[in-house]
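> Sequence:
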Amino acid sequence: MKLAIVYAIIAVVSAQVLLNALCCRMSERGVDDKMKAKLLDLHNKFRQKVANGQQPNQPSASNMKEVHWDDEIATKAQQIVERCVFQHSTYEERKTSKYPIVGENIYMGSYANPLDTAMNMWFDEVKDVNPSVLQRFNFNGPKVIGHYTQLVWAETEAIGCGYMKKADDGQAYVFCQYAPGGNYQDQSVYKQGPPASACPSGKSSKYPGLCS
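Quick note on numbering: the sequence shown equals residues -15 to -1, 1 to 197 in mature numbering (1 follows the signal peptide of the UniProt record, and there is no 0).
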């Protein structure tokens, strides 16, 4: 009986996702080279800002990596965003051939410049981040900070994003995925110390303060 209920719930959820996808008309879809370059640069500049100790109330980071674009991650993100459902996907749906654990930040809104808006909204959670959380991440804290902490998770090295805009209401969706994924309970977001002083493979030439 319980198994039947579980299958019924899965069927309902799957049907809803399919219905949303079939009913969703997109006026814009996909991430072109210009958008990809912008998203990558925004991510690295935010990470660089924190790593160099330029963000108030956030200590500098000794081991924060420069992130690069991963096409397989981006393909998964685009497939998920085109479901037209504003909810997080599962780890199983996001995993790739290289990365078994992939994190995710999601945005939906009708503001102009959705890429900038999404990134700024995720980073703006920094105002609620107590520095102690950086040493021992607490997923169940009183404030929503997980978008920020994933954005600056030191060991994350690859990202990929999906984008679409709905034709009926103009809502834009930006889903970015991160590998290896962050936000592990009781782990450090990054190591505190002089910028790029604990880089195992050298320093970034493009973003001083980050590891290559």
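For the record, the hints were derived by calculation from the structure and aren't laboratory data.
Just so you know, not all the hints are guaranteed correct.
[Unchecked claim] Once the Cα atoms are required to be at most 30 Å apart in a straight line, the calculated BS3-like pairs of lysine-lysine come out as: (1) Lys34 - Lys80; (2) Lys151 - Lys80; (3) Lys151 - Lys34; (4) Lys151 - Lys23; (5) Lys150 - Lys112; (6) Lys34 - Lys21; (7) Lys191 - Lys83; (8) Lys80 - Lys19; (9) Lys34 - Lys83; (10) Lys191 - Lys176; (11) Lys128 - Lys112; (12) Lys176 - Lys21; (13) Lys80 - Lys128.
[What the hints assert, rightly or not] Restraint ranges, calculated between C-beta atoms of paired labels, are given here: (14) Asp113 - Ser186: 30 to 40 Å; (15) His53 - Tyr169: 16 to 26 Å; (16) Glu78 - Gly15: 15 to 25 Å; (17) Tyr169 - Asn42: 18 to 28 Å; (18) Arg14 - Trp54: 31 to 41 Å; (19) His73 - Gly187: 15 to 25 Å; (20) Thr60 - Gln120: 32 to 42 Å.
Built from N, CA and C at the ideal position, the CB exists for glycine as well.
> Going through the numbered hints above, which ones does this structure break? Give me the numbers in ascending order.
3, 18, 19
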